[in-house]
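Engineer: Letter by letter, the chains look like this.
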Amino acid sequence: MASYSTNEFRSGLKVLLDGDPCVILDNEFVKPGKGQAFNRVKLRNLNNNRVWERTFKSGESLEAADVVEQDMEYLYTDGEFWHFMATDGSFEQHPADEKAVADALKWLKEQDIYTVTLYNGAPLSVTPPNFVELEVVETDPGMKGDTAQGGSKPATLSTGAVVNVPLFITIGEVLKVDTRTGEYVNRVKSS
Amino acid sequence: MTANERWQPTASLADLQARALQLAYLRDFFARRGVLEVETPVLGRHGVTDLNLDSIAARFAPIAGDSCDQGWLQTSPEYHMKRLLAAGSGSIFQVFRAFRSGERGHRHNPEFSLLEWYRPGFTDQQLMAEVADLVCGWLGCSRPGVLSYRDAMQRHAGIDPFTVADEVLVQRCGAWVGESLAASLDRDTLLELVMSHQVEVALAEESPTFIHQYPASQAALARISQVDGVAVAHRFELYIGGLELCNGYWELTDADEQRARFEADNRARLAQGKPAMPVDEELLAALSAGLPDCAGVALGLDRLLMLKQGRDAIDDVVAFPLERA
Chain A
1 MASYSTNEFR SGLKVLLDGD PCVILDNEFV KPGKGQAFNR VKLRNLNNNR
51 VWERTFKSGE SLEAADVVEQ DMEYLYTDGE FWHFMATDGS FEQHPADEKA
101 VADALKWLKE QDIYTVTLYN GAPLSVTPPN FVELEVVETD PGMKGDTAQG
151 GSKPATLSTG AVVNVPLFIT IGEVLKVDTR TGEYVNRVKS S
Chain B
1 MTANERWQPT ASLADLQARA LQLAYLRDFF ARRGVLEVET PVLGRHGVTD
51 LNLDSIAARF APIAGDSCDQ GWLQTSPEYH MKRLLAAGSG SIFQVFRAFR
101 SGERGHRHNP EFSLLEWYRP GFTDQQLMAE VADLVCGWLG CSRPGVLSYR
151 DAMQRHAGID PFTVADEVLV QRCGAWVGES LAASLDRDTL LELVMSHQVE
201 VALAEESPTF IHQYPASQAA LARISQVDGV AVAHRFELYI GGLELCNGYW
251 ELTDADEQRA RFEADNRARL AQGKPAMPVD EELLAALSAG LPDCAGVALG
301 LDRLLMLKQG RDAIDDVVAF PLERA
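Heads up: the protein sequence lines correspond to chains A and B, in order.
Residue numbering for the first sequence follows the numbering used here, starting at 1 and increasing by one per position.
Residue numbering for the second sequence follows the numbering used here, starting at 1 and increasing by one per position.
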């Protein structure tokens, strides 16, 4: 496996630190007084998403981590694994466990495309697209005419996600939702 | 990034105008005090022996009667300026473009602007007062407080740098650099890590502060004396807003001591797999001829401008950093 020296560290680079795959967020060159040079590096541990700060001697190197991001279509779940298929024409399938799916679970819709991060060929995490379109399966009755402003109410979507929506939304409508904030964006169409 | 994006400067026109004003201010400051502006070579035959400074090599066609075909871009104008002092120049200053290989980051560019000046007859204390005049006159900041290295470490890191056990330093630094690397570092490097990870961070929140009386082992080119039973270097640095702005010495004038430090530097370089640098014999000859008692200081002008303009990155105040140069 390749390795990277501190002067090659840049944000987005995937490296192995203490056996864990990490992505570099920030690399700052420091040189205290008349002393030797160091690089203060911020990394996110891809196993637990925790952010680390670590200082390296300038010129030190880290092994590259075999981490790739790939677009995959979500197929189905067997209760234990969530199965994804590569969209690059290989039809390769990858089972992701609950830890890998994590927060993406509530946005998973069959046949939609997700970004799956593979570490040594196995799914490490699943990232939904920034926006998804999902159907409302449960919400209090809509109040017609009250389209201007005013309150909001919870609505349950087909994937089980619950989002706050305007009062006029009714069951069966398809909504566009921002997965980063979990917020309602707009109606896609009325059924 | 393509050439079409890269051709533009990284600094705004307002910041470049402030740079010009800063130069005018500095020249006026020294003119009023009778300090002579000088220019010394950027390209010299000698680099520096300092373990932590790497010079950039330059090749050139030999000139008639001289086989030398390689020199070094100077990391500071110090040696040439000391030769002028030995030749009787009196007080001198220089705005110098210095080069340090590999130093690139938020606050570093391998080519940078340095103000260096020397005051015969001054002690480090007197020169600190003059640095404060110059910096505060330009930035309009409060006059810096003064903290000894020992007090700064005790106050902000909770350790006495002269008595703390090596194991305590290794353990403390292990949390930042990993245990195996910490165990391999020498005591001064461990202290520098504490300085940068704890003291500098704390100083960023304080008003401008001089740190002085460094451990003798971090003396570089400063003379040494005993304070409170420990050997300290007459060396000072100024911190403003967490930025390390200058480094000054009450200068060593003893040629034999200087030669011994150069040779110790080269042994340390070889031990770390770096090439030994030829010792600057002309400097040593000048010291032997007699360097007047003096204090000298080097101050980073890009950083001074960052403070003046409230900028966070050196790229904000330099027209073309290395990637665009």
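Source of the hints: derived by calculation from the structure; they are not laboratory data.
Glycine residues also receive a C-beta, built at the ideal position from the N, C-alpha and C atoms.
Honestly, I wouldn't trust all of these hints.
Here chain B is said to cover these stretches of chain A; the calculated rule only asks that three of the stretch's residues, wherever they fall, bring their Cβ under 8 Å from a Cβ of chain B [claimed, not checked]: (1) 94-101; (2) 153-159.
In silico DSSO-like cross-links for lysine-lysine, where the CA-CA straight-line distance does not exceed 27 Å [to be verified]: (3) A:K106 to A:K153; (4) A:K153 to A:K109; (5) B:K308 to A:K109; (6) B:K274 to A:K34; (7) A:K14 to A:K42; (8) A:K42 to A:K99; (9) A:K99 to A:K109; (10) A:K57 to B:K274; (11) A:K153 to A:K176.
Engineer: If a hint holds in the structure, say so; if it doesn't, say that too.
Structural biologist: Hints and how they fare:
1. Note: the stretch 94-101 of chain A has 0 residues with beta-carbon separation from chain B under 8 Å; the three-residue rule is not met and the coverage is violated.
2. Counting residues of the stretch 153-159 of chain A whose beta-carbon sits less than 8 Å from any beta-carbon of chain B gives 0, not enough to reach three: the coverage restraint is violated.
3. Under the criterion of a C-alpha separation no larger than 27 Å, the hint pairing K106 of chain A with K153 of chain A is consistent with the structure, at around 19 Å.
4. The suggested pairing of K153 of chain A with K109 of chain A holds, with an alpha-carbon distance near 23 Å, which does not exceed 27 Å.
5. For the proposed pair K308 of chain B and K109 of chain A, the alpha carbon gap of about 54 Å is over 27 Å, so the pair is violated.
6. Our distance criterion of 27 Å between C-alpha atoms is met by K274 of chain B and K34 of chain A, whose separation comes to about 17 Å.
7. For the hint linking K14 of chain A to K42 of chain A, the alpha-carbon distance of about 12 Å falls within 27 Å, and the restraint holds.
8. With a C-alpha separation of about 23 Å, the suggested pair K42 of chain A and K99 of chain A falls inside the 27 Å cut-off, and the hint holds.
9. Using a Cα cut-off of 27 Å, the hinted pair K99 of chain A and K109 of chain A holds, with the two alpha carbons roughly 18 Å apart.
10. For the hint linking K57 of chain A to K274 of chain B, the alpha-carbon distance of about 15 Å falls within 27 Å, and the restraint holds.
11. For the suggested pair K153 of chain A and K176 of chain A, the alpha carbons sit about 16 Å apart, so the restraint of at most 27 Å is met.
This entry does not satisfy hints 1, 2, 5, going by the numbered hints stated previously.
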